[in-house]
Amino acid sequence: MDTRFFVAWIEEAARLVRLQREHLTELDAAIGDADHGTNLDRGFTEVRQAFADQPPDTPAQALLSAGATLIRRVGGASGPLYGSVFRQMGRSLDDPVTLAGFAVAFETGVVAVERLGKTAPGDKTMVDALAPASRELARAVRDGVGAREAFERAARAAEQGARATIPLRARKGRASYLGERSIGHEDPGAASSALIVAALAAVA
Amino acid sequence: MVGLVLVAHSAGLASEVAALVRGIAGSGVPVAAAGGTGDGGLGTSIDLIGRALESVDQGDGVLIIPDLGSSVLTSRLLEVPGRVVMADVPFLEGAIAAAVAVGAGASLAEVLAAAEEARTYRKLGGT
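Protein chains in written order, with my numbering: chain R, 550 to 753; chain Y, 22 to 148.
Calculated from the structure, these hints are not laboratory results.
Note that the structure is predicted; figures quoted are calculated from it, not measured.
All residues carry an ideal CB built from backbone N, CA and C; glycine is no exception.
A couple of the hints might just be wrong.
[To be verified] With beta-carbon atoms standing in for the labels, derived distance ranges:
| # | chain 1 | residue 1 | chain 2 | residue 2 | range |
| --- | --- | --- | --- | --- | --- |
| 1 | R | Asp692 | Y | Ala130 | 47 to 53 Å |
| 2 | R | Asp644 | Y | Arg140 | 45 to 51 Å |
| 3 | R | Gly733 | Y | Ser31 | 29 to 35 Å |
| 4 | Y | Gly59 | R | Ser725 | 24 to 30 Å |
| 5 | Y | Gly80 | R | Asp692 | 53 to 59 Å |
| 6 | Y | Met22 | R | Pro716 | 49 to 55 Å |
| 7 | Y | Glu137 | R | Gln603 | 38 to 44 Å |
| 8 | Y | Glu137 | R | Gln598 | 37 to 43 Å |
[To be verified] Sample of chain Y residues facing chain R (criterion: CB under 8 Å; computed from the structure):
| # | residue |
| --- | --- |
| 9 | Thr58 |
| 10 | Gly62 |
| 11 | Gly64 |
| 12 | Thr65 |
| 13 | Ser66 |
| 14 | Ile67 |
| 15 | Ser91 |
| 16 | Leu94 |
| 17 | Thr95 |
| 18 | Leu98 |
[Said to hold, decoys possible] Below, simulated DMTMM-like cross-link-like pairs (lysine to aspartate or glutamate); rule was C-alpha separation at most 25 Å, straight line:
| # | chain 1 | residue 1 | chain 2 | residue 2 |
| --- | --- | --- | --- | --- |
| 19 | R | Lys667 | R | Asp582 |
| 20 | R | Lys721 | R | Glu656 |
| 21 | R | Lys667 | Y | Glu37 |
| 22 | R | Lys721 | Y | Glu114 |
| 23 | R | Lys721 | R | Glu575 |
| 24 | R | Lys721 | R | Asp643 |
| 25 | Y | Lys144 | Y | Asp109 |
| 26 | R | Lys721 | R | Glu701 |
| 27 | R | Lys721 | Y | Glu100 |
| 28 | R | Lys721 | Y | Glu138 |
| 29 | R | Lys721 | Y | Glu137 |
| 30 | R | Lys667 | Y | Asp109 |
| 31 | R | Lys721 | R | Glu571 |
| 32 | R | Lys721 | R | Asp606 |
| 33 | R | Lys667 | R | Glu729 |
| 34 | Y | Lys144 | Y | Glu114 |
| 35 | Y | Lys144 | Y | Glu131 |
| 36 | Y | Lys144 | Y | Glu37 |
| 37 | R | Lys667 | Y | Glu114 |
| 38 | R | Lys667 | R | Glu708 |
| 39 | R | Lys667 | Y | Glu138 |
| 40 | R | Lys667 | R | Glu656 |
Produce the complete structure using the sequences and hints provided.
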């Protein structure tokens, strides 16, 4: 996996976020403050601009640039959260990047977001999509499958994880103030996390 | 003196609380507001928080007091153990308690402790 792969991944994620912007905002309108799609789209648009202004030379640079830009430009909670995932991944990657190395770096990104948000699986957050994806990546590495197959498995796990947030009661963020009334809605952060993992499968 | 940075989702909320803090604790307390996004919207800007930190840092440490959500998460990214610390406290009450401690010449750890007391402080007394 070279720099081009990482840039393609993040640009595909930006494209999917743009396509699903209204859907993400609708999910957020149900239990949040109705800005998730708009905020994330603005952040990823800024990331594409940052790549255009200063094309990354290494996979780590691509992830660090994306992370820093999301932290600076999103304005909502998803900025520091996604920014920390990409930034931590960028710090953890060895060059050249193997699938095994990618899986380890991805896991460090998930741990970073769990720490920052003090969140665990089942809290109805991004982690409910990212953690299953990370587990599938690790399993795919053990099974010795190729990158495309590994990312497809991770994408399926992330999507299932996002859908599995529907019956959960939110324990973090604005949705947690709703208590029982947060039940029955998909978590917007888990939904956007599933898109970002789906983007991996799309460019592999 | 310890510096204080008030991080809120709106510029008005942060600056008005900062004004109240100066009014109650004294104009000598180094307090800076970092409210809203850089373009005047509701949300959080790490650049605004960074500038606020620099403006109140006198070398004795800085306490960041966020309101909620993205303010908290963004502030945590700027923590430097022992030097720049975030307080998990009620925004207004924590800011006032911290500022009074700063005015009395307290250390960063003491200012943090004063802010944390605001979480259980009863307005009418009693328990």
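Hints, verified against the model:
The hinted window of 47 to 53 Å between Asp692 of chain R and Ala130 of chain Y holds, with their beta carbons roughly 51 Å apart. Taken as a hint, the range 45 to 51 Å holds for the pair Asp644 of chain R and Arg140 of chain Y, whose Cβ atoms sit roughly 46 Å apart. Judged by the Cβ atoms, the range 29 to 35 Å given for Gly733 of chain R and Ser31 of chain Y holds: they are separated by roughly 31 Å. For the pair Gly59 of chain Y and Ser725 of chain R, the beta carbons lie near 28 Å from each other, so the given range of 24 to 30 Å is met.
Between Gly80 of chain Y and Asp692 of chain R the Cβ separation comes to about 55 Å, which falls inside the hinted range of 53 to 59 Å. For Met22 of chain Y and Pro716 of chain R, the Cβ-Cβ distance of about 51 Å falls inside the hinted range of 49 to 55 Å, so the restraint holds. Taken as a hint, the range 38 to 44 Å holds for the pair Glu137 of chain Y and Gln603 of chain R, whose Cβ atoms sit roughly 42 Å apart. Range check, Glu137 of chain Y to Gln598 of chain R: Cβ separation about 41 Å, and the 37 to 43 Å hint holds.
A least Cβ separation of about 4 Å between Thr58 of chain Y and chain R falls short of the 8 Å threshold, and the interface hint therefore holds. Interface restraint check: Gly62 of chain Y against chain R, minimum CB-CB distance 7 Å, threshold 8 Å, status holds. Of the supplied interface hints, the one on Gly64 of chain Y holds, with its beta-carbon coming within about 3 Å of a beta-carbon of chain R, less than 8 Å. Interface restraint check for Thr65 of chain Y: the shortest CB-CB distance to chain R comes to about 6 Å, inside 8 Å, so the restraint holds.
Annotation: Ser66 of chain Y was flagged as interfacial toward chain R, and the flag holds, the nearest CB pair being 7 Å apart, inside 8 Å. Below 8 Å, beta-carbon pairs count as interface contacts, and Ile67 of chain Y has one with chain R at about 6 Å; its hint therefore holds. Satisfaction of the interface hint for Ser91 of chain Y is found here, the shortest Cβ-Cβ separation to chain R being roughly 4 Å, below the 8 Å cut-off. For Leu94 of chain Y, the interface hint holds, since its Cβ comes within 8 Å of a Cβ in chain R; the closest pair sits about 4 Å apart.
For the restraint placing Thr95 of chain Y at the interface with chain R, the shortest Cβ-Cβ distance is roughly 5 Å, inside the 8 Å limit, so the hint holds. Hint on Leu98 of chain Y holds. Least Cβ distance to chain R is approximately 6 Å, under the 8 Å limit. With a C-alpha separation of about 21 Å, the suggested pairing of Lys667 of chain R with Asp582 of chain R holds against the 25 Å cut-off. Between Lys721 of chain R and Glu656 of chain R, the direct Cα distance comes to roughly 21 Å. Compliance with the 25 Å bound is thereby established for this hinted pair.
For the hint pairing Lys667 of chain R with Glu37 of chain Y, the CA-to-CA distance comes to about 30 Å; that exceeds 25 Å, so the pair is violated. A hinted pair counts as satisfied when its Cα atoms are at most 25 Å apart, and Lys721 of chain R with Glu114 of chain Y qualifies at roughly 23 Å. Between Lys721 of chain R and Glu575 of chain R, the direct Cα distance comes to roughly 19 Å. Compliance with the 25 Å bound is thereby established for this hinted pair. For the hint pairing Lys721 of chain R with Asp643 of chain R, the CA-to-CA distance comes to about 33 Å; that exceeds 25 Å, so the pair is violated.
Taking the CA atoms of Lys144 of chain Y and Asp109 of chain Y, the gap is near 19 Å; set against the 25 Å cutoff, the hint holds. The straight-line distance between the Cα atoms of Lys721 of chain R and Glu701 of chain R is roughly 29 Å, outside the 25 Å bound, and the hint therefore fails. Distance check on the hinted pair: Lys721 of chain R and Glu100 of chain Y sit about 21 Å apart at the alpha-carbon level, within 25 Å; holds. Of the pairs offered as hints, the one joining Lys721 of chain R and Glu138 of chain Y holds, with about 24 Å between alpha carbons and a cut-off of 25 Å not exceeded.
With a C-alpha separation of about 21 Å, the suggested pair Lys721 of chain R and Glu137 of chain Y falls inside the 25 Å cut-off, and the hint holds. With a CA separation close to 13 Å, the supplied pair Lys667 of chain R and Asp109 of chain Y stays within the 25 Å bound. Between Lys721 of chain R and Glu571 of chain R, the direct Cα distance comes to roughly 23 Å. Compliance with the 25 Å bound is thereby established for this hinted pair. Proximity of Lys721 of chain R to Asp606 of chain R is assessed by CA-CA distance (about 37 Å); at most 25 Å being required, the pair is judged violated.
Simply put, Lys667 of chain R and Glu729 of chain R have alpha-carbon atoms about 21 Å apart, close enough for the 25 Å limit, and the pair holds. Proposed proximity of Lys144 of chain Y and Glu114 of chain Y is supported: the alpha carbons are some 10 Å apart, at most 25 Å. The straight-line distance between the Cα atoms of Lys144 of chain Y and Glu131 of chain Y is roughly 22 Å, inside the 25 Å bound, and the hint therefore holds. Of the pairs offered as hints, the one joining Lys144 of chain Y and Glu37 of chain Y holds, with about 21 Å between alpha carbons and a cut-off of 25 Å not exceeded.
About 24 Å separates the Cα atoms of Lys667 of chain R and Glu114 of chain Y, which keeps this hinted pair within 25 Å; it holds. The suggested pairing of Lys667 of chain R with Glu708 of chain R holds, with an alpha-carbon distance near 22 Å, which does not exceed 25 Å. With a C-alpha separation of about 22 Å, the suggested pair Lys667 of chain R and Glu138 of chain Y falls inside the 25 Å cut-off, and the hint holds. About 16 Å separates the Cα atoms of Lys667 of chain R and Glu656 of chain R, which keeps this hinted pair within 25 Å; it holds.
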